[in-house]
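Using the numbering used here, read the sequence shown as starting at 7 and increasing by one per residue.
I should point out that these hints are in silico values taken from the structure, not numbers from a laboratory. Quick caveat, the model's predicted, so the values are computed rather than measured. The C-beta atom is built at its ideal place from N, Cα and C for all residues, glycine as well. A portion of the hints provided could be inaccurate.
Unchecked claim - Here are the simulated BS3-like pairs of lysine-lysine, each with C-alpha atoms no more than 30 Å apart in a straight line:
1) K26 with K15
2) K41 with K108
3) K108 with K26
As the list claims (entries may be wrong) - Ranges between beta-carbon positions, derived for each pair:
4) D68 with S22: 20 to 28 Å
5) A99 with Q149: 17 to 25 Å
6) D94 with R141: 22 to 30 Å
7) T98 with E31: 38 to 46 Å
8) V72 with A8: 19 to 27 Å
9) V35 with I11: 17 to 25 Å
10) T110 with Q149: 15 to 23 Å
11) D125 with R59: 21 to 29 Å
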Amino acid sequence: MAFSIRVDKLIQAPISRVYKAFLDEQSVVQWMQRKDFTCQPLHFDGREGGGYRIRFISTASDLSYVMIGEFNELVLNERIRYTERMNDPFWTARVETIIQLKPTVKGTALTLLQSGIPDTVSQEGVQLAWDECLRQLACLVEQLTESLHARTR
């Protein structure tokens, strides 16, 4: 069986900056790294029909894996839909992720829906990983916003 998760996050940055952070290689590398994993892009094409290969390397063990993704749908500043799989013959699942962005008075409301996650993976672990990544995403784009505000004062 597979399961799905939903994560909601309010990010205090313009919607255009949040959207771009999902499609820019350097930004993705910054916010996708987690405390126990480093991130190494092998290929990145952030266009509809484009895709990526990103190697994740554990800092705590010998674990290393490559995520292979394809951007299936991009609606500017509104929606990103992509599928991904691992380069592991024992992981045949294709996981679909949909990112919905909505403008708010304080910035951007982000909703992440991820489905098709194999039940051999910890649901709590997936949730914690996304919470960590989205916190880092928020820090990255909010920092840029603060930096731009400081320059215009």
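Hint check:
| no. | hint | in the structure |
| --- | --- | --- |
| 1 | K26 with K15 | holds, 16 Å |
| 2 | K41 with K108 | holds, 29 Å |
| 3 | K108 with K26 | holds, 14 Å |
| 4 | D68 with S22: 20 to 28 Å | violated, 40 Å |
| 5 | A99 with Q149: 17 to 25 Å | violated, 34 Å |
| 6 | D94 with R141: 22 to 30 Å | holds, 27 Å |
| 7 | T98 with E31: 38 to 46 Å | violated, 27 Å |
| 8 | V72 with A8: 19 to 27 Å | holds, 21 Å |
| 9 | V35 with I11: 17 to 25 Å | holds, 23 Å |
| 10 | T110 with Q149: 15 to 23 Å | holds, 19 Å |
| 11 | D125 with R59: 21 to 29 Å | holds, 25 Å |
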